[in-house]
Amino acid sequence: MPKIEIDNKPVEVPAGTNLIEAARLLNIEIPHYCYHPGLAVVGSCRMCQVECEHNGRKSIVVGCNTMAADGMKITTSSVAIRDIQRGVLEFYLQHHPLDCPICDDAGECDLQNYYMRYGLHESRVDLDEKRHKHKVHDVGPTVVLDSERCVLCSRCVRFCREIAGVDELGIFGQGGNAELMNVPGKRLENPYAGNVVDLCPVGALTDKDFRFKRRVWYLKRTPSICTGCSRGCNIYVDWETERSYKNPQRRIQRLKPRYNRAVNEWWICDRGRYGYRTTDGADRLTAPHTKLESNGGPLAVSSVIERAAGKIKATLDKHGAKAIAVLASAHSSNEDLFLLKRLFVDYLKVQCVDVNLGKEQKGEEDGILMKSDLSPNRRGALEMGVQPWGGSGLPGDEIVAGALDGDFEVLIVINHDLTANLAPKQLGKLEQHCGYVLYLGTHVSAMNELAHDVIPIAVWAEREASYTNFQGRVQRTWRPFDPLGLAVSEWEVWRDLAARLGLELKCDSPPEVFDSIGESIASFKGLTWEGLGAGGKMLTGVSESPYRKVQSPRPLAAY
Amino acid sequence: MTGNGNIRLLSRNFGKSGQAGIETAEQRGAYAMLKKAVRMKPEEVTALVKESGLRGHGGAGFSAGMKWGFIPKDTFPRYVCVNADESEPGTCKDRLILEYDPHLLLEGALICAWAVQAERIYIYIRGEYFYPTRIMHKAIEDARAKGFIGDNILGSGWSCTVHLGTGAGQYICGEETGLIESLEGKKGWPRLKPPFYPAAVGVWGKPTIVNNVETLAFVPRILEIGADKFAALGTPKNGGTALLSLSGNVKRPGVYELPMGVPLKTLIYDCGGGITADRKLKAVIPGGSSSHILTAEECENLRLDFESVAAAGSMLGSAAVMVIDETVSIPRLMVWMTRFYAHESCGQCTPCREGTGWLLRLATRIADGKGRRRDIDDLYEVANNIDGKTICALGAAVAWPTKSYIKKFRHEFEALVKE
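Heads up: the protein sequence lines correspond to chains A and B, in order. Sequential numbering from 3 applies to the first sequence in our numbering. Sequential numbering from 218 applies to the second sequence in our numbering.
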């Protein structure tokens, strides 16, 4: 482990650490544009130059391509270095449009930030000398390029080649005419295209979905995880609830990847990135409804729960637990599934509980991030025992078949649209044969017509919850905003239902439920809500398996 | 285009037609030194080249033998890469070797490949050299047919192939790592260093010796006359002769072969016939357009070897001597020079990409008489901001001359600017 000194502060870093990363450990920022820890090192921006004294030699080196070596003394902010940084910024700003007030990246642009920190020079260039390049170039379905603002850091080019494995962008032309463009005949349409916008240090690549919709300083940022598939990529939810101008009914403004080495490194797929739109979709279920009463007044969730408790009680008394079936969901959180299992399986002895339905939609899978299982918590359901081979009885398809045969008096369905899987004739049979169908869902579906009672439940962004991804990593979400309308969290429904059945589930918040999971489920032993932290924790006894080897910064040929 | 005196190691055939064919070449003794080399141990050949004091004639002037010695001991395969991307303004010597003595180059490259035990030679010729490319193609075919290239060369048990690659005509493809990138089919952008130098990580990531055409062409001659005799031709630190490209305001511009350390005046007045129209000498650019300019006074007793030119404040580089007489406007010269570099900057790193164009704009403004006094200082400062801050040496190649033009001829710039 080389020991070095940066700005007179000693630090010991792992071998192979470059100076930018070493300085980061000391909270010293070495400014840079082209360097990104997840991509090959090209050293082209020349912004990260520092003074390096080593073995009696003093030299100016680039921080990205200089590995820490024992005894190095680094100076990051001497007069000479400040001059270099100012000089590089002056080169960049020579032809860069001076349009921070209208640039969509204002507020998170490194050119703007570094100019304020290291530049602050007076322009020596006449405005009429500025070179002009392509202004609004449509590089792909989701991204727009403004070549004039591009600093040619080549991060996007490297990302496409090294991470997405495609040749869609390139830098063409020599010298001052060099310009970022689509590779001829190609569009930026790989499933990870949105990442180039995150990587772009300036406002050259912007996201069509977010462009000109909000100023970043109005956004609030909450860490979370993507629930789009069973990987559970770490993300930030950038949201805004106070201004509706131009964006009515859109609380989430954008999703951004959050670094987690073991899960998604720095990236997310576009399927997850743009999957947030359903959160505030017009088809959200926001109020309970029923087919069993028609007094015309507003219906409360509590009264639906009350009626469900009554139906369950009557069924238990008359037919026993075998007449009750629950089709749970792998979209539910660990807490939801834990309480569901405790209430129905442990207390009420219902054997027909499962999360799997044969004809469930499968997504595209690649060797990078995307998984074919589009539910975020199938592994969690397995760990909780909410599946037939966990000892709870029938598989999901047989529960449905049983319901059609009239085996159940009470059928509880959570976020499954049975109507998508059944023929109209079968649906009639279900209605006829099943005494009481309770549906808990996030969005309007044909289940609303089929079920006797419907309870709206909160989506991932409206609740604190934990999910277990396919690797066995337990991760949590934070709650940016409240559920829409009268929607409630699923676990609250089970808690209230239990209370009305005279049972107590002893839990008043997701952390409390999670801590009980830690006490009662072997694979969660030792895990606590607090202990999950930002990056989550592996299940007990499950070994860590990063999705791919993290690239070490290495000098590579330029592009 | 001719040599001078009796020393003609490389220029024996320059200007003579019909000498490039393999039969003629063999009659003159081509490939005899290859036969000699493969009977020696590879390390003996390297040692011989080191002793000869042969230095790279591509620009940097690094000891050729020492470079060959940098090949990692246990890494195979290894390659030799011939840098025939001659594109520095003023430099035009490699072309003559390619055109008039292709087998001399091939023999030198093969001896080098034997010395470093390389299995493949890449010859990278600049795209604009159509004619030399055709000649080299033919030479390679002929040498292959004669068994000098291919399997079990001259019964040595060693096999080596030769591949010809042409560039698309970019200045920076003459820089060794830019050349390798281009050879590998990528855009000709120089590679970042340290830590990788081609001797350790070169073409396709394998150890590669990149040598200039002239450097390799000297190798058979070193074996022919012996390292001592070769070394004795030049100065103690600069073995042999050099092909000097003489251009500018001289009566007889051309390529002249002279011993290293020859006085500049010999080249200009004896070989070049003196200054055009017998005008007064104003300055000399001694090592291609990227070197510092030297005033007539500084050139008075200048000798042309790497150390002497460096001591005078410039560099010998590719030994392309450009003569400037009293009628030439230095600010106008700067416009031509910066226009070239602004056009040829590869666009990879910021100071060079953005700075070269800025230099051109400032220089043009001054030369056109539209400049402001501040522009001269700006010009100097912008050059300073480029110098030493770039990935490859192209930044310095424009910054050095710019700074030296201003330092030494500031009065000419001042005379052109408005207050």
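Mixed in with the good hints, there may be bad ones.
Distance condition first, Cα-Cα at most 30 Å in a straight line; then the derived DSSO-like pairs of lysine-lysine [said to hold, decoys possible]: (1) A:Lys60 x B:Lys635; (2) A:Lys5 x B:Lys410; (3) B:Lys410 x A:Lys11; (4) B:Lys258 x B:Lys446; (5) B:Lys290 x A:Lys132; (6) B:Lys423 x B:Lys363; (7) A:Lys60 x B:Lys587; (8) B:Lys258 x B:Lys423; (9) A:Lys60 x B:Lys454; (10) A:Lys60 x B:Lys620; (11) B:Lys635 x A:Lys132; (12) B:Lys290 x B:Lys468; (13) B:Lys258 x A:Lys132; (14) B:Lys587 x A:Lys135.
Honestly, the hints are just simulated from the structure, not real lab data. These numbers were taken from a predicted model, which means no experiment stands behind them.
Against the structure, the hints:
1. Straight-line distance between C-alpha atoms of Lys60 of chain A and Lys635 of chain B comes to about 41 Å, which puts the hinted pair past the 30 Å bound.
2. Taken as a hint, the Lys5 of chain A and Lys410 of chain B pair is honoured in the structure, with Cα atoms around 23 Å apart against an allowance of 30 Å.
3. Between the alpha carbons of Lys410 of chain B and Lys11 of chain A the distance comes to roughly 27 Å, so the proposed pair stays at or under 30 Å and holds.
4. Distance check on the hinted pair: Lys258 of chain B and Lys446 of chain B sit about 21 Å apart at the alpha-carbon level, within 30 Å; holds.
5. Using a Cα cut-off of 30 Å, the hinted pair Lys290 of chain B and Lys132 of chain A is violated, with the two alpha carbons roughly 52 Å apart.
6. Distance hint between Lys423 of chain B and Lys363 of chain B is fulfilled; the C-alpha atoms sit about 28 Å from each other, no more than 30 Å.
7. The suggested pairing of Lys60 of chain A with Lys587 of chain B is violated, with an alpha-carbon distance near 41 Å, which exceeds 30 Å.
8. This hinted pair checks out: Lys258 of chain B and Lys423 of chain B have alpha carbons roughly 22 Å apart, not beyond 30 Å.
9. A hinted pair counts as satisfied when its Cα atoms are at most 30 Å apart, and Lys60 of chain A with Lys454 of chain B qualifies at roughly 27 Å.
10. Taking the CA atoms of Lys60 of chain A and Lys620 of chain B, the gap is about 24 Å. The hint holds against a cut of 30 Å.
11. Simply put, Lys635 of chain B and Lys132 of chain A have alpha-carbon atoms about 23 Å apart, close enough for the 30 Å limit, and the pair holds.
12. A distance of roughly 51 Å separates the Cα atoms of Lys290 of chain B and Lys468 of chain B; the hinted pair therefore is violated under the 30 Å criterion.
13. With a C-alpha separation of about 61 Å, the suggested pairing of Lys258 of chain B with Lys132 of chain A is violated against the 30 Å cut-off.
14. The hinted pair formed by Lys587 of chain B and Lys135 of chain A meets the criterion: a straight-line CA distance of about 26 Å does not exceed 30 Å.
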